[in-house]
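Visitor: One-letter residues, chain by chain:
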Amino acid sequence: MKEFSIVGKDVPRTDAEAKARGSALYTDDIRLPGTLHGRILRSPIAHGIIKNIDTSKALKLPGVKCVLTAEDTPKVKYGNWRLFPETQDEYPLAVDKVRFIGDEVAAVAAIDRDTAEEALDLIEVEYEELPAVFDVASSIAQGAPVIHEYCPSNISVNRKIKYGDIEKGFAESDYVREDTFKFQAISHAYLEPCSALAQVDLDGRITLWTSTQTPYIVQCLLASTLGMRENDIRIIKPYVGGGFGGKMELRTWEFCAALMAKKTGRPVKFTLDRQEEFLAGRRRHPMTIRSKVGFKKDGTLVSKDLRIQLDGGAYNAMGPTATFLCGNFGAMLYRYPNYRFLGEHIYTNKPPASAMRGFGAPQSLYASEVQMNIAAEELGIDPVDIRLKNAQVSGDKIPDVATISSCGFSESIQAVAEMSGWREKRKSLKPGQGIGIGCYSFISGGVFNWFNTQYPFSAAEVRVFSDGTAHLLTMASDIGQGSDTALKQILAEELGLRMEDIRLTTADTAMTPQGDLGTWGSRVTLMAGNAVIDAARKIKQQLFGAVSARFNLNVIHDIECKNGRVQATARHDYGMSFGDAVAMVQKANRGEPLVARGSYTPRGKGLVTPAFGFGAQIAEIEVDKETGLVKVKNMWTAHDCGTVINPRSVEGQLAGSIQMGLGYALSEQMIMDGGKTLSLDFADYKMPTAMDMPPSEVVHVDTFEPEGPMGAKETGEGLASPTAPAISEAVYHATGYRCKDLPITPEKILNATRDKAE
Amino acid sequence: MRLPRFEYFAPKTLEASLELLGQKGDGAFVMAGGTDMMVKMSHGRLKPRTIINLKEIPELHYIKFNPQNGLEIGSTALLSEVLNHADIIEHYPALIQAVQTMANIEVRNMATLAGNLCNAAPSADSAPPLMVMDAEVSLVSSRAKRKVKLMDFFLGPGATVKNVDEIMTAITLPAPRPQTGASYMRISARCGVDIAAAGVGVAIRLESEVLAEARIVLGAVAPVPLRAVKAEAALVGRQFDPETVQYAAQMASEEASPISDVRATRDYRKSMVAVLAKRAISEAYERSHARHS
Ligand SMILES: Cc1cc2nc3c(=O)[nH]c(=O)nc-3n(C[C@H](O)[C@H](O)[C@H](O)COP(=O)(O)OP(=O)(O)OC[C@H]3O[C@@H](n4cnc5c(N)ncnc54)[C@H](O)[C@@H]3O)c2cc1C
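Top line first, the protein sequences correspond to chains A and B.
Just so you know, we're using my numbering here: the first sequence kicks off at 1 and counts up by one.
Just so you know, we're using my numbering here: the second sequence kicks off at 1 and counts up by one.
Hints may contain errors.
What the hints assert, rightly or not - Negatives, chain A to chain B, calculated, CB over 10 Å:
(1) 117
(2) 574
(3) 605
(4) 686
(5) 757
Unchecked claim - Example chain B residues on the side facing chain A (calculated, C-beta under 7 Å, incomplete):
(6) 2
(7) 187
(8) 210
These are computed hints drawn from the structure, not numbers from a lab.
Glycine included, each C-beta is placed from N, C-alpha and C at the ideal position.
Take the sequences, apply the hints, and build the full model.
Guide: Put into C-alpha cells, the structure is as follows:
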C-alpha cells in the first residue's frame, strides 16, 4: 500500500461537530424575512382526468398569497434523461391528467404553513376517474389503460444486452435452473424530508436552497421548465440529511417555490412532511426477475438469461437508468461467457420509483446470489468455493462494459470466509441457527451521459494563498456520505497541507465550477477526487517552477509538496514554506492570484463505469422457530474499494448499508392497497433501529485503482446489495426456507416451515 | 399536518386542574407526556380545544411502595422512573418487562403509565401485566373520587369508563403475595421501537404445586386488552405440565379475535398468542416458584 499522510487516516469528518451540536443548517432551518410557506395539493385518485380546478375560494382565504395550477405554469415537461427527450414525461403540476395517488395538482403559498394547509382544503378539483393498473402484469395486458399518451404499450424503456450464445451455453450446461423473484418497494427514509426555499432578486434571478443530491441537474431543469436561462438560476445545497437516490431530480416543490417567489416577490419555502414522503415519495423499484442460469458440474457458470420487469410507477424518474444498470449488474460479479438480458420499465398508477442506493443492484444481485447458493447446494459445492471459481478477476473483460482494472473480489471472499469461521460454522451450527454469504460488485460512477451535460462530469477549482492556505471550490455535493471530508483530504494530501489549511465551498452553482452531475452512482470520490487532483497538480507545477528557479535546481530533481513545504524531494533544505512559494509565483505574475481549474470526464472506459468495487459479506442469524423472528447475530464484511481515503467514513457507509440491508431483507415494505400507500409513518414502515443492529466486523482488501484518485473507488452503494442475500441464505441454512419474494417476514418463515413439517 | 389551535394551561395543583377541566368541558384534555396526544394531533386525529398539562402538579408525581400495601404509581411518574425503580424491579418484573419494550429512551423519559392506560390503545403494553396483577386506578373529579379495577376500565379502542371530567391520579397494585408470579411477553416486527402485534400478560398463584389462580390478558388482538377466561380456566386446579400449558395457550389463541392490518395478519397474530401465552405462563410459573416467602 502506498504511504500517505492524510489519506487513509481517521480524519474527523468536517460536518461531524456541526451535526452533533445541532448548528448545521439544513434548508428548512434557513429563515428569510417575509417567507411564504407552501403546501401541495395531491391527487386522491390513482388515475383520472382533471375536468376542472376552482381555486377561487382558496385565493380568498386571508393570508394566502399565491395559488398555482398547471395553467399558471409554462407546461414544459422535464426528466433526467435529457439525451432522450421522449422519456421526459413529467410536469411540475399535473396537466389534464393525474396518474397516481399523490400526484401534484396544485400548490398554495401563504403567510404560514397552517394557512396554506387550510387553503388546500378550499381548492375544488373535479376528476373523471379512469381505470388504473397497479402491477406490471395488468399494465402490459391487452386493453390495459394507457397511462401516458405517448406510450401506448406502457413499457417506457427497454434495454437488451446479448453476448455469446445462451442457447448453446444452456445446451452445454450440466445443470440449468430457472427462478422467479419478486421485490417490494421500499422507502429511502432519509432523515431530512425534502425542502426547498426560493428567493428572487431585483433582476428576476432566482436563488434556490434545496435538499438535493444534484444541484446542477436541478439548475438546468428548473431553467427549462420556467423558460429561464440557466445562469439566471442559482442552486445552493445546504447540509442535506441523506438522499440515497431520492433527491436527484427536479421536484415539484422546487419548481413551485421558484415560480411563486417570482410571482409574489417574497421568499417561498416548501418542506414536506413524513406522511407525504411515504405517500408520494420516490421509492426503490418493485421488480419481477426471471433468471435462468446454466452451470457445469464443477460449478463453472456457462450461461445466463435474465429478464427483468421494473414496476416504475407513474413516471420514468430515474427508472431508465435502473433498467440499464440491472442488466449490467446481472453479469458484473462473475464471468458469464454467454449472457442475455431484457429489461423493461413499465408504467403503473403508483408513486414513481426511482434511483435508490444500489440502483438496480440490490434486486439484480439478490437474484444472482440466491441462485448461486441454490446451485452450490444442488451441485454439492460450498457456496464460497462456487463463487471463487467464477469470480471476476483483474483484467477480465465484461463484454460491452469494460475491462476490470483493480479487483479484490476473490481476496474479499477468502477474507470474509476466514474471519467469520465460515467452514466450521456451516457444519456445526445448531438447529435454528444459520450462516450465509452474499457478494456484490458496483460501479464507481456512470459513464453514459443521459443528462447530456455540456460540462465535465466533475470539476474543481483550487486557489492558494501566500498565508499557506488553500480554497477548494467544487460542485460535488456532500449529502452525508462524507465527500467534503474526502475531497479535503485528497487536496491536503496532494498539496502537503493540513485539513485546517483548506477552506471549502461546495455545491453552489453560481460559485463553484461547472459542472458536476451530482451525488449518485457512487461517483463523487472517484470523479470529483480526480478533478481536485487535476487542479492541484496544475498549482504544483507553478510552485515547483518557482522553487526550482529560486534554488537553481538541477532539472533532474524531484520536487514535492509535503508538511506545508515545497521542497526538493532529496534535499529538503532546497525549499520553502508553501505560502512563500505561492507568494513567489504571485510576484512573478504581477500579483495575479494563483488559481487552477481541474476536471474529470471518463475516457476510454466504455459506457458503464471507470472502475468497479467488489465485496463479500457473511451473516450469522438465529431464527425463533415458533415466532419466525430472525435475529441477526453477526455480520462480517470484506470489500475492495481501492485505497481507503477515510476508514471511519467507509465504516459509516458499511453500517448504514447493513441497516438498510436488514430492513430490505427482513421488515421494510411499502404496504399498498391498490394505488394507495398504507404505511405512512415509521410505526407502520418497519425500518430497523439502532437497537436492531448486529455487531459487525470489516476488512478492507488492499488494492489500488489506477483510474481512481490515489487509488480509490466506490464504497457507497455496492455494500447495499450483499446483506439481503447473505441473510436469506442464512435463513435457508437455519430453516430450509428459501425466500424469493422479499421481505423475509416471520409469517413467511412459519408458513414455509409448517408446510415442510406437514 | 397542521396542529389544531388550542388553549394551554399548566396548573400547579390537582384541584386547579380539575376545576379547569370541569369548566372547559367538551374538547378539554389533560396531557401527561403527550407522546400519544401529540402524534394524534399532528395526524389530525385529535383536535383538542384546551390542553391541561398535568406535569407541573407535584402531588401526582411519585412512586410509593411498601410490602404491606403494595405499589402506588402517581399518574405523572415517568415510564423511565418506573423502569428504574428498585422495588418494582424486585417485586413486579412483569411490569418492567412491559415498560422495557415500550418505545425508546426519549419517549420513556416523557411518557406515563396513566397516559398509556387512558389512551386505551388495544396494543397498550402496560395494560395486560397491570390487569393480571389486579391493578386499580384512582379516578378523581371535582365532585367525586372512585377506584376502578383495571379489568373493568377499557370499553373499546380509545374508550374507557373514565368520564371526561375525571383525572386518573394513581395506579395501585396489591402487595406481592407468596407463590405468585407474573410475566408479560410481546411480539413485533422490529426489536427496537415498535408497536406490539400481539402481547400476553399472565399471573398465577400456586398452592403447593397446584395452579390455584390464573389471570391471562391478551393485548393487540381485540378492541380492548382481552381477558382470556377459557385459557385461565384451563390452568386453574391443575399442575404445571407441558400439556396443560399447551392447551391453555391454545385456548388463549382461540379467544383472541384480532384483525389483519399493516402490522400483521389475523392468522399470524392468533398463532403468536399461543406462542406468547405458552412462554408467559412458563415464566410466571418459574417466578411463582421463586417467590416462596
Ligand atoms: C415513538 C413512540 C413509540 C411508542 N411505543 C409504544 C409501545 O411500544 N407501547 C405502547 O404501549 N405505547 C407506545 N407508544 C405510545 C405512548 O408513548 C404510550 O401510550 C405512553 O405511555 C403515553 O403516555 P403519555 O404520558 O405520553 O400520554 P399522553 O399522550 O399525555 O396522553 C394520552 C391520553 O391519555 C390521557 N391522559 C393522560 N394522563 C391522564 C390522566 N392522568 N388522567 C386522565 N387522562 C389522562 C390524555 O388526555 C390522552 O387522551 C409509543 C409512542 C411513540 C411516540
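Visitor: Give a verdict on every hint.
Guide: Cross-check of the supplied hints:
| no. | hint | result |
| --- | --- | --- |
| 1 | 117 | 4 Å, violated |
| 2 | 574 | 60 Å, holds |
| 3 | 605 | 42 Å, holds |
| 4 | 686 | 5 Å, violated |
| 5 | 757 | 14 Å, holds |
| 6 | 2 | 4 Å, holds |
| 7 | 187 | 6 Å, holds |
| 8 | 210 | 27 Å, violated |
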